[in-house]
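Undergrad: Okay, here's what each chain looks like letter by letter:
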Amino acid sequence: MRSIKLSRVIVTLCMGFAGILFIMPFLWMLSASFKPELDVMKYPIQWIPTKWNMVENYRQVWAGAVPFTLYYWNSTKVTLMSTALSLIISAMAAYGFSKVIFKGRDTLFLLVLATFMIPTQAILVPQFIMYRWLGLFDSHIGLVLLASSGVLGTFLLRQFFLGIHDEIIESARIDAAGHWTIFSRIAMPLVQPALATYMILRFIWTWNDYQNPLIFLRSDSLFTLQLGIRKFADFSGEFYSLMMAGAVSAILPLLIIFMIGQKQVIEGVAMGSVKG
Amino acid sequence: MEVIPKKGAVKRFGNVGTRRMRKQSSYDNIAGYLFISPMLILTTTLVIIPILLSGVISFSDWNFVSGIEGFHFVGIDNYTRLMQDESFHRSLINNLIMIAVVPVAMFLALVLAALINKATYFKTFFKVIYFMPFISSFVAIALLWRVLYHPNNGPINGFLRSVGVENPPLWLADPKFALISVMIIMVWTSLGFNMVIYLAGLQNISRDLYEAADVDGASPLRQFFRITLPLLSPTSFFLLITGIVGSFKVFDLIMVLTNGGPAGSTSVIVFYLYEVAFINLESGYASAMGIILLILILLVTLIQWVGQKKWVNY
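Chains as they are written, first to last, in our numbering: chain A, 1 to 276; chain B, 277 to 590.
Do not take every clue at face value.
Said to hold, decoys possible - Listed next, the stretches of chain A that the computed footprint assigns to chain B, with coverage defined by at least 3 CB atoms under 8 Å from CB atoms of chain B:
| hint | region |
| --- | --- |
| 1 | 71 to 80 |
| 2 | 182 to 196 |
Stated by the list, open to error - Chain A is faced by these chain B residues, among others (derived, beta-carbon under 10 Å):
| hint | residue |
| --- | --- |
| 3 | Phe401 |
| 4 | Pro409 |
| 5 | Val423 |
| 6 | His426 |
| 7 | Gly434 |
| 8 | Leu475 |
| 9 | Leu497 |
| 10 | Tyr550 |
Treat the hints as calculated values from the structure; they're not laboratory data. Quick reminder that beta carbons are idealized off the backbone N, C-alpha and C, glycines included.
Work out the full structure: start from the sequences and follow the hints.
TA: This is the structure in structure tokens:
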């Protein structure tokens, strides 16, 4: 037994080393964001800055020429709204597709599922034109609706709703509860872990989305963080320390959320595929 | 990013009528439609109608700025033009080259997953580390790598010079190396996802098999090739398909990292589509490209259906 454990320690150490190599780009980014510009590209790399310029770098990003705070706020707003709306819509549909029996249910589900395969880029042109007609172009509401229209949440949550025993629903029906009561009082609390998983995933995806804001937003004052940081990079040109401070600021909230909910995220990603 | 999957989903339903004998009440019918209607309305207006429109527009030479009057049908002109368009060919070839990312990332992920599953402590810690690039925004990642790859002063070339490489590659600035540079980042970002899926697959393999193999005296390596690998084949196959489909959709990274350049060396179909649609404003031509993209993805998915019966062990 002891020899097995020793080999395990060795493998862990090797993997740890590989892991550090793997996240080195992130470490470099963090370190660069703390340094004065002149030290960023020095070689050998100063992993721990000899001269610190952290406060000034982050102040420049957050309170400098580019309205970073506004972009941050826009992203937060769009992401929170999308997550909430998408969660409600997906959960309702998932309940309908798993716990209510109605005509044409399976055909409709198949149709909805088929939209999975459509690449978002293939429908950009008509979406863009429709958005202009509907007056949704260049608005946060438009982005929220786009983020909420994915069928992924419906599919993911449906898997969990299927796991609820029908007896529970039957007995609630006998007690004269309507579907809405069953949905909100019984089913939703039972699938809370799944809701948390989908919530975090939706949050990450919407926060990181670049393509939709790029195409469906025009006004600078509506820009989300991903557009803002790109603009910021073009604006500050070769100021790498500032660029890295901006990138760190963009990733940080995600990392925090991910650290807190890593179990849900990782299991959610794995569940969607393997359990099937 | 939304590469989460639907394997086996289609098999699942179809148990409606058998479940209960009671006749459906009209209450259930109405309730059912009410529950699904918000999602259905949204999906119909934002996905289903656009894909149909996309098909129609692809047969026109329309430019959406010109309004409805500027709409003329041109038959299959857009599609024949795509056949002769060199930029499109190059983008398509780049897409095909990019597929190489998938097996590389899968192989590395399998090794990592096997080690983490059996031979290391701190499983969760490793999962989190390798998953980090997957959840980070592509814009931030692209900006980061743009600096890391900097031809003169970047840390990567600094390192290469320090170990004696006289003329390190110029990475993103060199048309010959740009695509490879992008692919390295793609491997880096997709590794965590692949690894997590493999870990889930590994946990589904019954321990009894390994115990039996131990009794028979099979070495760990032999066990890996004779038990683990075959039993993971559905997982591998799934990763291959989603990976290929995903590689056709890479947009953010290219857009921020290289803008398709230098000299079109990193242009891919979705990037070229974006250029044609929103910079050249050729809606019809861009829609035709979108339809081709859809067909390519349908083909890959079709191969999944046929292929999984042939060589996947369940």
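Undergrad: Now look at each hint and say whether the structure bears it out.
TA: For each hint, the structure was consulted:
| no. | hint | in the structure |
| --- | --- | --- |
| 1 | 71 to 80 | violated (count 0) |
| 2 | 182 to 196 | violated (count 1) |
| 3 | Phe401 | holds, 8 Å |
| 4 | Pro409 | holds, 8 Å |
| 5 | Val423 | holds, 5 Å |
| 6 | His426 | holds, 7 Å |
| 7 | Gly434 | holds, 3 Å |
| 8 | Leu475 | holds, 7 Å |
| 9 | Leu497 | violated, 14 Å |
| 10 | Tyr550 | holds, 7 Å |
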